[in-house]
Every structure is written in C-alpha cells, then in structure tokens.
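Model the full assembly from the supplied sequences, consistent with the hints where possible.
Residues per chain are reported as follows:
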Amino acid sequence: GTFIQAAEMPIELPPLPYAYDALEPKISKQTLTVHHDKHHAKYVTVANGMIEGTDMSGDDCETIMMKAHKAGNAGLFNNAAQSWNHAFYWNCMKAGGGGKPSGDLLAQIEKDFGSYEEFVKAFDQAGQTAFGSGWAWLSWDGSKLVVDKTIGAGNPMTDGKTPVLTMDVWEHAYYLDYQNLRPDYIKSFIEHLVNWDFVAANLAKVKK
Amino acid sequence: HYATEADRIVIMLRQSLRSASALRSAAKTHGARAMSTYALPSLPYDLGALEPVVNTEIMTLHHGKHHATYVANLNAALEKYADAEAKKDVAAMIALQGAIKFNGGGHVNHSIFWTNLCAPKDVVAPSEASPELAKMIDAQWGSLDAFKTEFNTKTAAVQGSGWGWLGYDKAAKKLAIATCANQDPLSTTGLTPLLGIDVWEHAYYLQYKNVRPEYLKQVWQVVNWKNVAERFKAASA
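Chains as they are written, first to last, in our numbering: chain W, 1 to 208; chain X, 209 to 445.
These aren't lab readings, by the way, just hints derived from the structure by calculation. No residue lacks a Cβ here, since even glycine has one placed at the ideal position from N, Cα and C. Wrong hints could be hidden among the right ones.
Some chain X residues close to chain W (C-beta under 7 Å, calculated; not the full set) [unchecked claim]:
#1 Thr268
#2 Leu269
#3 His271
#4 Lys273
#5 His274
#6 Phe310
#7 Gln367
#8 Gly368
#9 Ser369
#10 Tyr413
So, in structure tokens, the structure goes:
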C-alpha cells in the first residue's frame, strides 16, 4: 500500500497509519507531529528536489535509495533512505502493540535466536549501541532472521537483506518523551508498540 | 620512643606487603585495574547561566546525564580493556576500541564544550579576547560574520549526530572549520580544537526541536571567545 508509485510522481510523504495521539503515552502526539510532519517530511522534500529532472524522477523510493547507494551519492542516499526508513517505521508500530508475536513469525524467531527473549536482548542491544543517530533492524538475510544496527540513514537492503522490522533510535524519535533514557524508549517499543502483524506480513512476503 | 617507632614502621611495612600481595592475587583473579578513572568536570557556571539561548533543562540533562554517562561508560570500558590486556586477549581489546573512542570522545568533546560557552553577559568579541585571533578570522573568511555563516552552514549539514569545530592547523599555522561525526574527537582530523558546537539532537531538541539552524544562529550569543582565545594562544605558541 504505502510504496506504490505512479509513473513520474515524486516520493510521497505517506500519512501516519494512525492518529497523532494513537501511541500515547509511549510516544507523544508532539513527538509524532514533529517527527512525521517535520523530519520525515523534510527528507521527502529534499529527496524529491534531488531527483527532479533526473532519470530517477519516476522511480519508487526504494529504487532511488539503491541507485544512490550504488552511485555513492551520499546526499541523495541519506534523504531517500530516511524517507523509506521512516515510512517503514510508522508501520512497525501500532497502538496496543508489542509483546510476543505468534505463529510462523514466532517460530522463525525461536529458530534463529533460540527464543523470543534472546531476540529481544539482541534487538535491545542493537538499539542501545548505535553510537549516534541510527536504527535497529530485524531483517531476512536469505535464509534466516538477523538483527543489525545502522548509523545515520543506513538500511540493511544495501547488504542484500530484507528488513521486516525497524526502530528509529535517532534522538528526535524519543527525546521529547524519554530525554536521555534511550533504553526506556526501546523497552516501550518492544513491549508496547511493535506491530507484529506488519512484521509477520513482511516475513511471509520475503519467504515466499 | 625508638622501639615504638620501629615497631610502627614494621607494622606499616607488613601491612603494605599484605596489601600488595592482596592486589597481586586480585589482579590474577580479576585482571588488572585501569590506570586511571575519569571524572565529570563541573560546569564553570550555573545550569541556568546560558538562558535563554540554552535552557536549564537542556544543561541539566546534557551535563548531568549525557556527559556523565560518557564518563561512566569510558571508565567501564577502560576497566574491561585493562582486564583484556592482563589476559593478553587482543581480540577483546579490539572489540572495546569502539566504546573507548565513542565514550572517550564524548568526554573529551563535552569537557571542551562547557568551557567554550559562558553567560550572554560575559561574552566579549573575538577582537577584544584576542586581536591576533580576530585578525586571522578576518584574513581567512573576510569577516567574523562570514566565518559564522560558513561554520553554521557546514555544521547544520552534519548528517545525524556530530559536532562543528573551529580548529587550529599547527602545521599550516591556519584556522580551519571542520565537522566530525558522532563523538569522534577533532584530534582525529589532525586539528587542535578551539571551539566546538554540539549538534547532537540532545544539545538543542527540547528547545529548538528540528530547527537546528535556529539553534546555531542563537548559540553565538553564548560563545566564550576568551576561552577560544586561550586555546588559540596555546595551540599557536
């Protein structure tokens, strides 16, 4: 749904999949408003400005991101990847989310991490040790699920992996609500926000 | 009382030997202790001194939480490093270098930063702080305003977390504007730090939100050119 692009159209700023106050009190209305309407919006605007009049002006966000990476175009990569990352991130959360997944997704997590608890530990550590601005990821590497952290706009697709879940750990994602307490934000994300339905759908799609 | 004094010395010597022996066995079982521990420096002013440019809430968190955490984590990483060294575990030493660079850099950078700032009422112009420094800025950028514009443009453009710096190139005997990512210290560029502006979001977000350029515009009202001049004098000596 979110990534369908018509020909010759710029990258879209998708609306949030929920109301701005839907994730309260774990993530405030103020945070989502600034994060989506300012940060995410700016990446989209800048990326569109950069691709205008180029042969990428009809490409979707993911394609632009990968072309920019291949070309070593850091400026375009940063903005296109951040556009993609944020659109993906919004869908990775939902009101009343979090906790343990079920079905095939849980089975795969248990297979690849030993247990759900071991996955949580790895994902938490990835988020905590992204030394600066970055993202924690759960991705399919072709044969199993793996946890990664990236710095800045980094996305595991540049390593040939397929993301199924991401968590933004740039300070703007949590500072208004958690200040320096990134570990508390990560805990909230894992326990109360993760949209496992979206993650399960992503995994099913890539395993097909 | 000679006998008592001699006894006292013997007792002290025995105690030292016991302590040294205890330390040696502790070192064997628990690994060596780190050479030194680092401490959070005090702010040279009250938490509210930089209002309204940088508010009390930000200063409280920035100094008391963020910088304090870099110090604590640096000390912890160095303890582990000493332990790894004692065990000759090179792989473990290498694995710790990221944490040492990050937390050590954070400590170095913020220690400089606090001294680079002062209350608005205590700010003096560069020309007053150091005519030599002011002349060099004019020579290299045309004017103080032109310098600030370039500094702000480059610093605003830092992707994600990092710092903007005015540094001194000792070899070329020139000033230079540079930016660094994350907590990489300016020393990694070969420049000597004179003035650093933190553009991690934690440095400004509670007040300025996403509008980093506004923070950069305002922060010059609290730049302590006297301190910058001192650093310049030391670097260019």
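Here is what the structure says about each hint:
no., hint, in the structure
1, Thr268, "violated (10 Å)"
2, Leu269, "holds (5 Å)"
3, His271, "violated (11 Å)"
4, Lys273, "holds (4 Å)"
5, His274, "holds (6 Å)"
6, Phe310, "holds (4 Å)"
7, Gln367, "holds (5 Å)"
8, Gly368, "holds (3 Å)"
9, Ser369, "holds (4 Å)"
10, Tyr413, "holds (5 Å)"
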